[in-house]
Amino acid sequence: MAHNVLRRLSVYWTVWSTIAQYAWAETFLNRWTSALFLLGKTIRFGMLLFFLTFIKQSVQTFDGYTPDQMVVFFLTYQFIDTSSQMLYRGVYEFSRKVQSGDLDFYLSKPIHPLFRILTGKPDFIDLIFFIPTTVFSVYLLYGSLVSASWQALVGYAILLVNGFLIATALHILILAIGILSVQVDNVVMFYRDLNNMTRFPVSIYTEPIRTVLLFVVPVGLMNTIPAQVLLQKPLSVPYLIACIVGVSFLFFSIKTWSWAIKQYTGAGG
Amino acid sequence: MYWQNLLTYPLNFVFWRLRQMLGTFTSLTFWSVVFVGTGSAFGYDRTDMISYIFLTSFLQSFVLSTLLNGLAQDVYTGEISNTLVKPIRMFGVWITQEIADKSMNLFFVILESLFLFWVFKPQLILPPTPQLLVFLVAAFLGAVILFYIMLLFGTLGFWTQETWGIRFLFFMILDFTAGKLYPLDILPELVKKVLFITPFPYLAYSQTQLFLGKYSPTEVVHVFIALITWVLVLAGLFHILWKRGLKEYGAVGR
Numbered sequence: 001m002a003h004n005v006l007r008r009l010s011v012y013w014t015v016w017s018t019i020a021q022y023a024w025a026e027t028f029l030n031r032w033t034s035a036l037f038l039l040g041k042t043i044r045f046g047m048l049l050f051f052l053t054f055i056k057q058s059v060q061t062f063d064g065y066t067p068d069q070m071v072v073f074f075l076t077y078q079f080i081d082t083s084s085q086m087l088y089r090g091v092y093e094f095s096r097k098v099q100s101g102d103l104d105f106y107l108s109k110p111i112h113p114l115f116r117i118l119t120g121k122p123d124f125i126d127l128i129f130f131i132p133t134t135v136f137s138v139y140l141l142y143g144s145l146v147s148a149s150w151q152a153l154v155g156y157a158i159l160l161v162n163g164f165l166i167a168t169a170l171h172i173l174i175l176a177i178g179i180l181s182v183q184v185d186n187v188v189m190f191y192r193d194l195n196n197m198t199r200f201p202v203s204i205y206t207e208p209i210r211t212v213l214l215f216v217v218p219v220g221l222m223n224t225i226p227a228q229v230l231l232q233k234p235l236s237v238p239y240l241i242a243c244i245v246g247v248s249f250l251f252f253s254i255k256t257w258s259w260a261i262k263q264y265t266g267a268g269g
Numbered sequence: 001m002y003w004q005n006l007l008t009y010p011l012n013f014v015f016w017r018l019r020q021m022l023g024t025f026t027s028l029t030f031w032s033v034v035f036v037g038t039g040s041a042f043g044y045d046r047t048d049m050i051s052y053i054f055l056t057s058f059l060q061s062f063v064l065s066t067l068l069n070g071l072a073q074d075v076y077t078g079e080i081s082n083t084l085v086k087p088i089r090m091f092g093v094w095i096t097q098e099i100a101d102k103s104m105n106l107f108f109v110i111l112e113s114l115f116l117f118w119v120f121k122p123q124l125i126l127p128p129t130p131q132l133l134v135f136l137v138a139a140f141l142g143a144v145i146l147f148y149i150m151l152l153f154g155t156l157g158f159w160t161q162e163t164w165g166i167r168f169l170f171f172m173i174l175d176f177t178a179g180k181l182y183p184l185d186i187l188p189e190l191v192k193k194v195l196f197i198t199p200f201p202y203l204a205y206s207q208t209q210l211f212l213g214k215y216s217p218t219e220v221v222h223v224f225i226a227l228i229t230w231v232l233v234l235a236g237l238f239h240i241l242w243k244r245g246l247k248e249y250g251a252v253g254r
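If you read the sequences in order, they're chains A and B.
With the first letter of the first sequence counted as 1, position 258 gets the number 258 in the working numbering; the numbers rise by one all the way through.
With the first letter of the second sequence counted as 1, position 198 gets the number 198 in the working numbering; the numbers rise by one all the way through.
These aren't lab readings, by the way, just hints derived from the structure by calculation.
The reader is advised that the hints may include incorrect statements.
Said to hold, decoys possible - In silico DSS-like links for lysine-lysine, alpha-carbon gap of 25 Å or less:
#	chain 1	residue 1	chain 2	residue 2
1	B	Lys214	B	Lys86
2	B	Lys214	B	Lys243
3	B	Lys86	B	Lys247
4	B	Lys192	A	Lys56
5	A	Lys121	A	Lys109
6	A	Lys56	B	Lys86
Claimed, not checked - Listed below are several chain B residues computed to face chain A (Cβ distance under 7 Å; list not exhaustive):
#	residue
7	Phe15
8	Leu18
9	Leu126
10	Ile166
11	Trp230
What the hints assert, rightly or not - Restraint ranges, calculated between C-beta atoms of paired labels, are given here:
#	chain 1	residue 1	chain 2	residue 2	range
12	A	Ala157	B	Asn82	53 to 59 Å
13	A	Thr66	B	Phe117	50 to 56 Å
14	B	Ile110	A	Pro238	40 to 46 Å
15	B	Ala100	A	Phe115	39 to 45 Å
16	B	Phe107	A	Val138	44 to 50 Å
17	B	Gln97	A	Trp150	56 to 62 Å
The C-beta atom is built at its ideal place from N, Cα and C for all residues, glycine as well.
Just need the whole structure built from these sequences, with the hints factored in.
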């Protein structure tokens, strides 16, 4: 039993690492594009950080948080957003596969189609961006990390994992919508825009937007709650509820995917 | 035809419109919360800031919308041959497409703005007719500047297939320099000086300031000199590069 599981895992690893090697080669094939993408991402990261630092001059508190604490929310968002994009870039190209019928090829192979589609195009530009920005974020968060209790640090780590699970669930749901509607491009960008809203704490939004961001498309649970735990501030949603919603959302998304894939009729094939 | 094409995928269209609103909603919420804790920030009070963000977002939806994102790809894949061999002017096709796209955007942005207006209640006072006319002309020139910038990105397709990166970089910079998240005059003097030698502030920021009557008559003249200069420089550059590009054009795959 264990031997079979290990064998299966090794097959999946071989498939993913082969795909990753091609993606790596592609990154360096289009050097200029990759360099400009990297520069663009760095500018976006730097400009918002600059803005949050700069507003300190005139703004003392923001919904009960200091501008320095606002940076914690932004960096938490940045960490989860970049890590999920790094692994799940394939989602952005999914609609073309449904429209052209290329999805048929994934369904006929002995690899789970969800795995193949979700992780089928790792983004190495994001990886190159992720490493230095994470190191820089840890440097900026050093004060918050040092002053946090060990319980807060453990809670932060668990909620980051929970946030990543929610990001995974949302990407799976986008794929399911893609199968049903053959349209993903603006759905995935809509998710990105909703996620952008949580660069700031979700508590700034009025109802019903806040509830939508916490429970309907739980990007608020993904980014805001971990930062609140690290800062030891009152939580918008209790810690345990955040984890339960996160895990349930992942199960819900997998069930939705399984149902959606049964509706696929090979649109272009 | 363009409108029909757009509505072929209705879900995509609905999400696209929702996306346009979210950015504005976030900026308006951000500044509303800032002014809960303070009476004024960076020389703006709540009313001024909300009006500013509201107007800039409205203007950006019109000025920054474009269909020319795929032009470079059409060039390097040889797709433009289909238009080049027809007895119509390429330039006329682009203009027609842009008018169709902007009119569609304008229609929906008015509807969306009514909703945002209801939520945030900005205090917008319609300026006197001459000021309004000046604003409209400046908004038109802003749209022309973006039109030529997009055409210039398109011409890159004659020489390279790596055109997406530079556009991505442009839109990243635009995100922070066109004034949607914050007015550019709150930035440090040095940053402002650098920004104002680029076309970015002339796409929506300056027009908003014109509408709000923040410029003196001399500054209005300066803004118009800058707008016209950018239009002429970009148009000249585009026509030179397009002619050179057509000479090199190999109609790949045709």
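Results for each hint:
{"no.": "1", "hint": "B:Lys214 - B:Lys86", "in the structure": "violated (48 Å)"}
{"no.": "2", "hint": "B:Lys214 - B:Lys243", "in the structure": "violated (41 Å)"}
{"no.": "3", "hint": "B:Lys86 - B:Lys247", "in the structure": "holds (18 Å)"}
{"no.": "4", "hint": "B:Lys192 - A:Lys56", "in the structure": "holds (18 Å)"}
{"no.": "5", "hint": "A:Lys121 - A:Lys109", "in the structure": "holds (17 Å)"}
{"no.": "6", "hint": "A:Lys56 - B:Lys86", "in the structure": "violated (58 Å)"}
{"no.": "7", "hint": "Phe15", "in the structure": "holds (4 Å)"}
{"no.": "8", "hint": "Leu18", "in the structure": "holds (6 Å)"}
{"no.": "9", "hint": "Leu126", "in the structure": "violated (28 Å)"}
{"no.": "10", "hint": "Ile166", "in the structure": "holds (6 Å)"}
{"no.": "11", "hint": "Trp230", "in the structure": "violated (21 Å)"}
{"no.": "12", "hint": "A:Ala157 - B:Asn82: 53 to 59 Å", "in the structure": "holds (56 Å)"}
{"no.": "13", "hint": "A:Thr66 - B:Phe117: 50 to 56 Å", "in the structure": "violated (32 Å)"}
{"no.": "14", "hint": "B:Ile110 - A:Pro238: 40 to 46 Å", "in the structure": "holds (42 Å)"}
{"no.": "15", "hint": "B:Ala100 - A:Phe115: 39 to 45 Å", "in the structure": "holds (42 Å)"}
{"no.": "16", "hint": "B:Phe107 - A:Val138: 44 to 50 Å", "in the structure": "holds (48 Å)"}
{"no.": "17", "hint": "B:Gln97 - A:Trp150: 56 to 62 Å", "in the structure": "holds (60 Å)"}
In terms of the numbered hints stated before, the structure departs from hints 1, 2, 6, 9, 11 and 13, listed from lowest to highest.
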